[in-house]
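*Asks:* Residue-level listing of the chains:
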Amino acid sequence: MARFEPVLTAGIGELDLADIDVYERNGGFAGLKKALLEMTPDSVAAEVTASNLRGRGGAGFPTGRKWSFLPKDGRTRYLVCNCDEAEPGTFKDRMLLEKTPLQIIEGLVISAYAMGAAQAYIYIRGEFLEGSRIFRRALAAAIARNYVGERILGTNFSLDIVVHRGAGAYICGEETAQLESLEGKRGEPRLKPPFPAIAGLYGMPTVVNNVETLGYVKHIIERGAAWFAAIGPEKSPGPKIMSVSGHVRKPGNYEVPLGIRARELIEEYGGGLLQGRKLKAFQPGGASSAALFEEDLDVAIDFDSLAAKRTMLGSGGFVVMDDTACMVNCAMTLTRFFEHESCGQCTPCREGGQWVARMVARLEAGEGSREDLRVLGVINNTITGTNLCPLGDSIMPFLSSVMRRFPEEFAAHVAQGGCPLKQTAGVA
Amino acid sequence: MTPARRARGLELVARYPEAQSALIPFLQYCQEQDGYVTHQAIEDAAEVVGITPGEVESIASFYTLLFKEPAGKHIVQVCRTLSCMLRGAEDLQTHIKRRLGIGHFETSADGQFYYEEVECLAACDRAPCLQHNLEYHYDVTPAAFDALLDAWQAQPPQPAMPAE
Amino acid sequence: MSEQKMVKLLIDGQDVVVPDGTLVVEAAKLLGTQIPVYCYHPKMDPAGLCRICLVEIEKTPKLQIACATRVTEGMVVHTMSPKVAEARRGVLEFLLLNHPLDCPICDKGGECDLQDFTMEYGPASSRLTEPKLHKPKRVDLGPTIVLDEERCILCRRCTRFDDEIAQERNLVVVERGHGSLIGTVDGGDYESYFSGNTTEICPVGALTSKAYRFRARPWDLGHADSVCTQCSVGCNYRIDTRFGRIMRTFTRENPEVDGGWICDRGRYTFNYLYEPARLRRPLVRRDGDLEEATFAEAVALAAEKLQTAAAAGRVGVIGGGRQSDEEAFALQRFAREVLRTDNIDHRARLQKFASPARFGARIADIDDASLILVFGAITPEQAPILDLRIRRAVARGKARLVFVGPFKPEFAVPFEHVEYAAGAIGDLMESLADAVTRGSQTGNQFVDQLAQTFTQASKIVAVHNGRNTVAAGALERLMETLAGKDHQVGILVVGSQGNARGAEAAGCVPNLGPGYAPVSKPGMTTGEMLEAAASGKLDALYIAGANPALTYPDGALVRKALENVPFLVVADQLLTQTAAHADVVFAAASFAEKRGHVTNLEGRRQAFAQAIESPVHVATDAAILAAIAAALGKPDALSSDPDWLFARLEAAEQAAGTEEPLARPKLDQLASPQVDTMDAQRKTFTVIPVPKLYGGGSAAAHDPGLAPMRPQPCAIFHEDDALLLGIADGRAVTLAGRGGSITVAARIDSRAPVGGVLVIADMPEAPVNVLLDASGAGRVTVTPAAAREEATA
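Protein chains in written order, with our numbering: chain A, 1 to 428; chain B, 429 to 592; chain C, 593 to 1385.
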């Protein structure tokens, strides 16, 4: 099957796109020039809306519609680029940051122009130290060539970009928590409403967009909304970088058209399963997504098809688990993750999440009971849908899905006092 | 507060419309110098951004890359989330703990090494992975770790948590 | 006033109409429907953390939190559906999971929201099959509070109180996730004048008062609705007793006065009543020593001596500011009708008047003031709950706070400091009044800028301490001009004693009777009485609830007066510095041991009930006066019955027909205060006494609950002066003035004015009043204390 022609990932691995000369020679800043020199901000925004681009950070909210929520009240507007990639299984934003920072900058400038923001921030995850250094160098180069800064390319549009590093908190990927962190506070999500478009950074109208999303804005401007909208399903179009990892031969970032089948992603791009293994489960969209199984391999990878299967595309962190993977161990890993990353504000996530993690850890260690299984089977009702932010709602989906699909595996951990896979194979 | 620190603080504050935004970058700067966030740094930060030391402590304690106590000259953080676990992270963790003689969240007796199991580092295609003083190392097998350990111990000292 | 938009909605099938913007949880309250809450508190912004208030709202897919959802027209809310019940049960299960089974030993038992909501909505048993997780217990959080982190449900009401209400932000949340804890920087003390409020708003027993720990169960307690008398704000509170002993106090919200809060001084000042220092019997001086006597003996002796002095017209009465309105009325009646003298004055400090003559403001006027001007009064120390209102108004961006004075006090919110010498405040106010009234530029930048600030502010509230009549007069002139230009204006005078205004209104001043009615032949002021006593022109003094030996500015004069006056009667609760000189000491009842009324700085009269019986030989001030009056052959002049006194007080006020402008109390015939210029040579320093909330020579000096918060006496210098004097922080120094000297530890702070020294007022160990003259001014030389001379305390 013909490989999809890379858009955002074009040249990565072959060219040094962090070098501004290389970038310019390879189509760099064409979108910026077109937007600022040939289009009005409103027409840029209209183009993005027409493309049906949906946010690539995890929530999948239509980008043009998000921008349209900014009130026309004259208050200062801010654009924040969310580069706090921490969703397990996702590693596309770090790649973009390190390998093609100028493309991110270009997308930032075009988007800020469209929404009338003169100040932008890029919130880079604390662990991405090297990436932040690469980005700062690229930003300096872009400023030197007047792609960023005062009166860009001689136009009336000026943009300042501030690079801000996080300090270790997954929850800062949630937009309101990110704003809190940018304001120098604990990264704790805010109550919504008000939404960031109305009261965001410093209480001002703010848009938070993912790195990948801003990258696609550049290409939409260059090639047109129609081009983008024609790729993949109508309501969920465009290319998407899927981060494929786990039990596949060729883990990596793959830019694919939305709508391809999961089977194709695993086999054609990911190189298929490891020698002699069989598929047991896969998580299509990060730690918050419910697992899918062998019978789901023909599901289309896009926002709506996956939602219809009661899971999600999310950030595109696609993790494959074969028959050597213990589902209880996987669930333990993920529930432990959410317990560690819970900000602690609200009761169900803080207390319930810790309880779930403890129960699953005990099950994994062979110290669980049937009562634990019973509780885990019903706790969904009180722990999901009752929280302040989506993290609390993310605790149960994977666990519930694999408990439903592999009840005997969970029961065996109780009956046999340990993992049947470990006990038979003697390996993890 | 040293004049140099105060100058840096003012520089950072100047980047933002509101001073408090400079708090975390300032604490990261202090941590780079001192090896961890000292009580003095908390007082300095409070003064620089105009909040109480209690608030600084509250905010700093939220973030895992800000250390309240001296951690070590070598901060070794090994990923423990799903993709790495599927590709042998548990074995790597066991090996590292044995080699360093310390457990999760612990510092070696000579104060050199600090070991921590952390969540997804966004390097899932080259699992298992770890960070040493915020520098990535990929496809780390136990043997590969041993080689890294030798290399780290041979290299000249550097800040464990660089600021920028 | 614009029309308030009203919204109609349905809650559990019942219609309710509320103003637009009302929270669902408040709308439900109007119907008597309880929606359980933990993190929600009506005085603070909604937080949405605990999730127990989740309710079902039709047309929204997920349950919504009632505490942060505002009503909309036609909204349909269900608070008792099965989904809601399940959600509540779930939240309670999560909260109870690791909650320690402490109920039998937890102070909150019986008034605990976790107990109550669990009984009502929660699961009957636990599904936890492993040991509960532990967190620090019995954390010593400072002088007043013990924290139990295991019991804490992390609703954050306490940290939000410290942030939104107190504006102090020392109590914070540390760590994150399940490991979150309430704490302070480096585990240090939670020091706040308002810490006790957190024990009330904490829904569980995580924050408990040291003063009340393990002492009683709420169902054992008797309650008395009372009013705090520690300062002139008059916060409403409740005194809780068990078997006739005060166990604790509790707020009793009056939105107009305290807004539902009380400071720690008010909350925790009661255990002194059970200390050995508390007077339990009258004392009579025999052979030079004070010895216990019977009430009858004391009355007989007092009556005999007072009669002689009164007959010669050489008697004086000082007091009333710490009594109830009834007793203040009785005191002045005792002076005027029993002793036949107008030598009666409640003023035992620098304060000259306890009320504004005109433009009296209400406390609530601070809420929407655009400019708050403070001079003389240090509101955080002298009227803390008033200061909370100021903090809120400033923090919400509504008000500007301007403080005029010689030094920079510690306000919890940003303010402008207009530095002005202590004696010069009168001149400043005059210039300011001129500038505003005539719209003229005075040429003084400060004054002109300040004048502009005034003319631009739509609502101005001024708060001062009633010491400077020139300033007060000028202020009133200024307010009159502004009122004429459609500004809203108001003045509050912070009383020097809890019931200063009540005493003034009841006639405890030499030239005014009850209701500010003028008296034909004014008597002597406190200062004049003391002068007379010192120079042998007064034969007897009766002092009730006042301690001029410590508080009256000219300490040397007071000492001479008390030593020289042939006969001194003092009625007080403790053996104060003044009482130590007395010939007869009556053991007086405390605020908790009588009933009556007090008048706060607004002029608001509030009733307080009796909480406990006084010890057998302790009598109320009214009873003491009535007994002496009877012994003097005038049994009908007075009564110990508060109702009898109150009726006559009201009748007198009615007859006087009090209205603004209120008459002014007589001033001392003394030279007016000189403008104090700082000594350029710095051979001498200007003494500036500063009040501290926990300073004082009576209850504050003897209450075990307040002991840990007691300030250390000290003298605070500017760093330039410290350098000049060669003194380091903590060094013992001797300040020597006209009337005496004190030796204290020096402190260095840039808030002290150059050329001046700040000294904490009313500290018996180092009384500042020995350094001052009658006008409150004083200059001292400063010398490092000799090595063997230790700084006191």
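Do not rely on the hints blindly, as some may be mistaken.
[Claimed, not checked] Sample of chain A residues lacking proximity to chain B, with all beta carbon distances greater than 12 Å (derived): (1) 94; (2) 329; (3) 373; (4) 375.
[To be verified] Each pair of labels, with its calculated beta carbon distance range: (5) A/267 / C/605: 57 to 67 Å; (6) A/267 / B/571: 46 to 56 Å; (7) B/575 / C/716: 33 to 43 Å; (8) C/722 / B/538: 52 to 62 Å; (9) C/722 / A/294: 29 to 39 Å; (10) B/461 / A/365: 53 to 63 Å; (11) C/722 / B/575: 39 to 49 Å; (12) C/662 / A/309: 52 to 62 Å; (13) C/635 / A/294: 29 to 39 Å; (14) C/771 / A/140: 35 to 45 Å.
Just so you know, the hints here were simulated from the structure itself, not pulled from any lab data. Backbone N, C-alpha and C define an ideal beta-carbon position, used for all residues, glycine too.
*Asks:* Evaluate each hint against the coordinates.
*Replies:* Hint check:
no., hint, verdict
1, 94, "4 Å, violated"
2, 329, "7 Å, violated"
3, 373, "22 Å, holds"
4, 375, "23 Å, holds"
5, A/267 / C/605: 57 to 67 Å, "58 Å, holds"
6, A/267 / B/571: 46 to 56 Å, "31 Å, violated"
7, B/575 / C/716: 33 to 43 Å, "59 Å, violated"
8, C/722 / B/538: 52 to 62 Å, "36 Å, violated"
9, C/722 / A/294: 29 to 39 Å, "35 Å, holds"
10, B/461 / A/365: 53 to 63 Å, "42 Å, violated"
11, C/722 / B/575: 39 to 49 Å, "41 Å, holds"
12, C/662 / A/309: 52 to 62 Å, "36 Å, violated"
13, C/635 / A/294: 29 to 39 Å, "57 Å, violated"
14, C/771 / A/140: 35 to 45 Å, "40 Å, holds"
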